Each structure stands twice: as structure tokens, then as C-alpha cells.
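Novice: Could you build the full structure based on these sequences and the hints that come with them?
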Amino acid sequence: MYDELRLGRIYGRQKYFEKNFILSTSKKGIDPLLQERALHCLEYIAQLNAAGFDFVFKGGTACQLLTAEDLQRLSIDVDISADIGEKELEKIVGDICLKFGGKVYKYYKVPGQGAVGNV
Numbered sequence: 322m323y324d325e326l327r328l329g330r331i332y333g334r335q336k337y338f339e340k341n342f343i344l345s346t347s348k349k350g351i352d353p354l355l356q357e358r359a360l361h362c363l364e365y366i367a368q369l370n371a372a373g374f375d376f377v378f379k380g381g382t383a384c385q386l387l388t389a390e391d392l393q394r395l396s397i398d399v400d401i402s403a404d405i406g407e408k409e410l411e412k413i414v415g416d417i418c419l420k421f422g423g424k425v426y427k428y429y430k431v432p433g434q435g436a437v438g439n440v
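When the letters of the sequence shown are read in order and numbered with my numbering, they come out as residues 322 to 440.
To be clear, the hints were calculated from the coordinates, so they are not data collected in a lab. Owing to the predicted nature of the structure, the values given are computational and were not obtained by experimental measurement. Every residue gets a Cβ at the ideal spot worked out from N, C-alpha and C, and that includes glycine. Wrong hints could be hidden among the right ones.
Below, computed lysine to any residue pairings styled on SDA-like, alpha-carbon distance capped at 20 Å [stated by the list, open to error]:
hint : residue 1 : residue 2
1    : Lys348    : Leu360
2    : Lys336    : Ala372
3    : Lys340    : Arg358
4    : Lys420    : Arg334
5    : Lys379    : Leu363
6    : Lys412    : Gly380
7    : Lys412    : Asn370
Label-pair distances were calculated between CB atoms; the ranges are [said to hold, decoys possible]:
hint : residue 1 : residue 2 : range
8    : Lys336    : Gly433    : 37 to 47 Å
9    : Glu339    : Glu407    : 30 to 40 Å
10   : Thr346    : Gly422    : 22 to 32 Å
11   : Gly433    : Gly333    : 35 to 45 Å
12   : Lys412    : Ala367    : 15 to 25 Å
13   : Asp404    : Thr346    : 30 to 40 Å
14   : Glu339    : Pro432    : 38 to 48 Å
15   : Leu410    : Pro432    : 34 to 44 Å
Specialist: Right, here's the structure in full:
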């Protein structure tokens, strides 16, 4: 959760990141954990945009936002396409993570093994 102790500025409404709000959505049939993850993914997209990163937001999350029919199926990842190098992307992502006191995790798809990662 974001709070006043963090150095970063969120772009979403603060109340949406608060525990009571997230838990209240379970009354509407929305999984609170799924909603919290989705909120953070969308905040991440806002942070990328604010950093001046030119990208295309795509995949299941983007499609779900257009249809908004079944939030239970909202994926919790951020799929983007961009025309920049890996080093530049790592810097942008790293700067965003550091704003909020986080670490950067890199994941790679390895044929036959799925995703592997490191800090």
C-alpha cells in the first residue's frame, strides 16, 4: 500500500489504495487481492506515462478496461510494447520503483522453463 511515508506521488485517487476501500469491494463480488494488484498495475502505467515513456499498453488488462464486463478475469500484469533499448527501460522502471522504496525484479521467459528472475 502507498502511504505518506513514501516519496513517490500516486496518480490514482488515494482512497482506492486504502485497505478499507479495497475490502469493501468484496461485497460486490470482486476479489480484494485481485483488485489491489490491478490498482497497482494501473498506477504503474500512470507512472510510466508520467516519466515520458512512449509505449503501447496491450494485453488482457488493457482489453478488460475497454470491456469492463468481468473484473474477476482482470489479469494482473502489465503488457507493453516500446521502441527503446533494455538499458533505457531498466532505468525508467528502476526510477519508478525507487520513488516508492521498491526493488526492481527482472523476469525473462526461458523456452521450456517459463519465467525466471532476479533482483
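Novice: Now tell me if each hint is right for this structure.
Specialist: These are the hints, each one checked on the structure:
Our distance criterion of 20 Å between C-alpha atoms is met by Lys348 and Leu360, whose separation comes to about 18 Å. Between Lys336 and Ala372 the CA atoms are separated by roughly 23 Å; this puts the pair beyond 20 Å, and the hint is violated. Distance check on the hinted pair: Lys340 and Arg358 sit about 12 Å apart at the alpha-carbon level, within 20 Å; holds. Between the alpha carbons of Lys420 and Arg334 the distance comes to roughly 18 Å, so the proposed pair stays at or under 20 Å and holds.
A distance of roughly 12 Å separates the Cα atoms of Lys379 and Leu363; the hinted pair therefore holds under the 20 Å criterion. Under the criterion of a C-alpha separation no larger than 20 Å, the hint pairing Lys412 with Gly380 is inconsistent with the structure, at around 23 Å. Between Lys412 and Asn370 the alpha-carbon distance is near 14 Å, which keeps this suggested pair within the 20 Å criterion. For the pair Lys336 and Gly433, the beta carbons lie near 45 Å from each other, so the given range of 37 to 47 Å is met.
Look at Glu339 against Glu407: about 36 Å separates their beta carbons, and that is inside 30 to 40 Å. Between Thr346 and Gly422, the C-beta spacing of about 26 Å keeps the proposed range 22 to 32 Å intact. Between Gly433 and Gly333 the beta carbon distance is about 38 Å. The supplied range of 35 to 45 Å therefore holds. Between Lys412 and Ala367 the C-beta distance comes to about 18 Å, which sits within the given range of 15 to 25 Å.
As the Cβ distance of Asp404 to Thr346 is approximately 37 Å, the hint placing it in 30 to 40 Å holds. Distance hint check for Glu339 and Pro432: the Cβ-Cβ separation is about 42 Å, which falls inside the suggested range of 38 to 48 Å. Range check, Leu410 to Pro432: Cβ separation about 22 Å, and the 34 to 44 Å hint is violated.
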